[in-house]
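Q: As you go down the protein sequences, you meet chains V, X, Z and F in turn.
Heads up: the first sequence runs through residues 819 to 961, numbered per my numbering.
Heads up: the second sequence runs through residues 819 to 961, numbered per my numbering.
Heads up: the third sequence runs through residues 819 to 961, numbered per my numbering.
Heads up: the fourth sequence runs through residues 819 to 961, numbered per my numbering.
Hint data in this document are derived by calculation from the structure and do not stem from the laboratory.
Relax, there's no trap hidden among the hints.
One-sided excerpt, in silico: chain F residues whose CB lies under 7 Å from chain X:
id: 1; residue: Ser836
id: 2; residue: Tyr837
id: 3; residue: Gly838
id: 4; residue: His853
id: 5; residue: Glu856
id: 6; residue: Arg857
id: 7; residue: Ser869
id: 8; residue: Lys871
id: 9; residue: Tyr895
id: 10; residue: Asp896
Here are the computed distance ranges between Cβ atoms for each label pair:
id: 11; chain 1: X; residue 1: Gly894; chain 2: Z; residue 2: Arg876; range: 19 to 27 Å
id: 12; chain 1: X; residue 1: Asp949; chain 2: F; residue 2: Pro823; range: 49 to 57 Å
id: 13; chain 1: X; residue 1: Asp949; chain 2: V; residue 2: Pro827; range: 52 to 60 Å
id: 14; chain 1: V; residue 1: Thr923; chain 2: F; residue 2: Glu875; range: 28 to 36 Å
id: 15; chain 1: V; residue 1: Gln907; chain 2: F; residue 2: Ile829; range: 32 to 40 Å
id: 16; chain 1: X; residue 1: Pro881; chain 2: V; residue 2: Leu956; range: 35 to 43 Å
Residues from chain V that keep clear of chain F, each with C-beta distances beyond 12 Å, as calculated:
id: 17; residue: Trp830
id: 18; residue: Asn861
id: 19; residue: Arg864
id: 20; residue: Gly867
id: 21; residue: Ser906
id: 22; residue: Leu913
id: 23; residue: Leu956
Please read these numbers as outputs of a predicted model, since none were measured by experiment.
Yeah, the Cβ is synthetic: ideal placement off N, Cα and C, and Gly gets one too.
Protein chains: 4
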Amino acid sequence: MANAPFPVPEIWHEHRVSYGETDTMGVLYYAEYLHIFERSRNNWIRSFGVSYKAIEERGVFLPVREARCRYRRSAGYDDLVQVRTGVSQWGRASLTFLYEVYDETRLYLLAGGFTQHACVDGTGRPFPWPDWFREIFLPRPVA
Amino acid sequence: MANAPFPVPEIWHEHRVSYGETDTMGVLYYAEYLHIFERSRNNWIRSFGVSYKAIEERGVFLPVREARCRYRRSAGYDDLVQVRTGVSQWGRASLTFLYEVYDETRLYLLAGGFTQHACVDGTGRPFPWPDWFREIFLPRPVA
Amino acid sequence: MANAPFPVPEIWHEHRVSYGETDTMGVLYYAEYLHIFERSRNNWIRSFGVSYKAIEERGVFLPVREARCRYRRSAGYDDLVQVRTGVSQWGRASLTFLYEVYDETRLYLLAGGFTQHACVDGTGRPFPWPDWFREIFLPRPVA
Amino acid sequence: MANAPFPVPEIWHEHRVSYGETDTMGVLYYAEYLHIFERSRNNWIRSFGVSYKAIEERGVFLPVREARCRYRRSAGYDDLVQVRTGVSQWGRASLTFLYEVYDETRLYLLAGGFTQHACVDGTGRPFPWPDWFREIFLPRPVA
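Okay, chain V solo, but in the shape it has when bound (with noise of 0.2 Å):
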């Protein structure tokens, strides 16, 4: 994760580690990372113009099949994590987001991970990204 290039395109996405999201070891909870995720894969989407909310409105849903997050050093309260995401593989019907936290000033990771992603619809019936959404996010032929 260190030495392979980030995916691009990439959008970085700041975060104030709340009281709430510690826990009694003083630090960002490690389940708080997941929801984290979350609003930066929103981003990245965002940052093309279009809502997730409003991909579901029209059909697809990208329910999670796989998370994983690697935890190096810690985050505590009031600390402003800087999120870093891409889209790192893309199938057919699945694509997988990478995540990288660095604290405030970018210099030091502090965790790491993906999700996988399944195209479904809203039956949970997986099925390839239709042409709409391809237009949006992969403006070429997926390899």
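On the provided structure of chain V, position chains X, Z and F as indicated by the hints.
A: Chains X, Z and F in isolation, oriented as in the chain V frame:
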């Protein structure tokens, strides 16, 4: 709250405080009490032989209109809090749950509060308690 | 709450409702408002040029003694709620934050509430606001 | 994960999905699984006659270094999920908990994952499992 008789019927529910529910001050975070209240009122409903899920499936929804909590003594990680719940008030289309949160011995009152709910249908429109609901929870007329 | 003048100084804070903050009724879950209130009061404090974290480091802690929220209209996934905050009451060793949650246009009041806090030291013992604290937040004597 | 024998000793823990744990898609939100995993590993530890809280008081802390979850079938509001936990791997100063989340009947695997932990002291410095810890959890030498 200390002196008025607790409503009947009441149920008790115990809850183990998890790491994720604590904050950096080392105590159960104040918003978590509202999650615990939810579990308690679900158990109170379930003690009548029906689940809140089944009640919703039958067309009665109980959104929260008001919530209140008073925090006296903190709870810490791994504490086994004891929560006492009952309905303190019935209206034509509303009800109020009362809660008391004790320590493991049930001697020390840690917190207390209430949630007031409206009876609404699937579109959010308020309506009076239907007969089937009253037969379960109110075997006598509402005063 | 609708007619009394809102306390000054006030700050506004916007919050995007995430998927994780909604519930199966499709709305912002009632306990999440208390997390949002926390972010708002932190911002109110920060608007004076100091963080709540620095205040704790100086020996002043503000545990919540009471919290209340009234829910009028729901907020949904991806809504950009607008939260207005100010201090409505100062005591010798306590204060009360007032909150109003609006929709994106600031026209519709979705919810409102307050949190009352005690001024305590690191051992939890209440004590009156120290001079340095007053100089920041209360340039004039407490009425 | 489906075919390899589950580690021993294992414990089972049941968890009722609350409204607050669901999201607007009507299912248990993906980050909530990590909260449930925490409860499960605490129960696994407790099955040896000691609490994780007591372990921390004795100077051993188990921060999460990596967490992973695979989501196969969703869980809904009020479902009574069954969580199976055991330690799949012991290192000199680390361990890995394995989790399987089933439906109420224990027939359908809903999700599975692991959390890997380091053994660290109160300052966060890693150190090998102390003798008293091994006597409780590892009556035989680590392979």
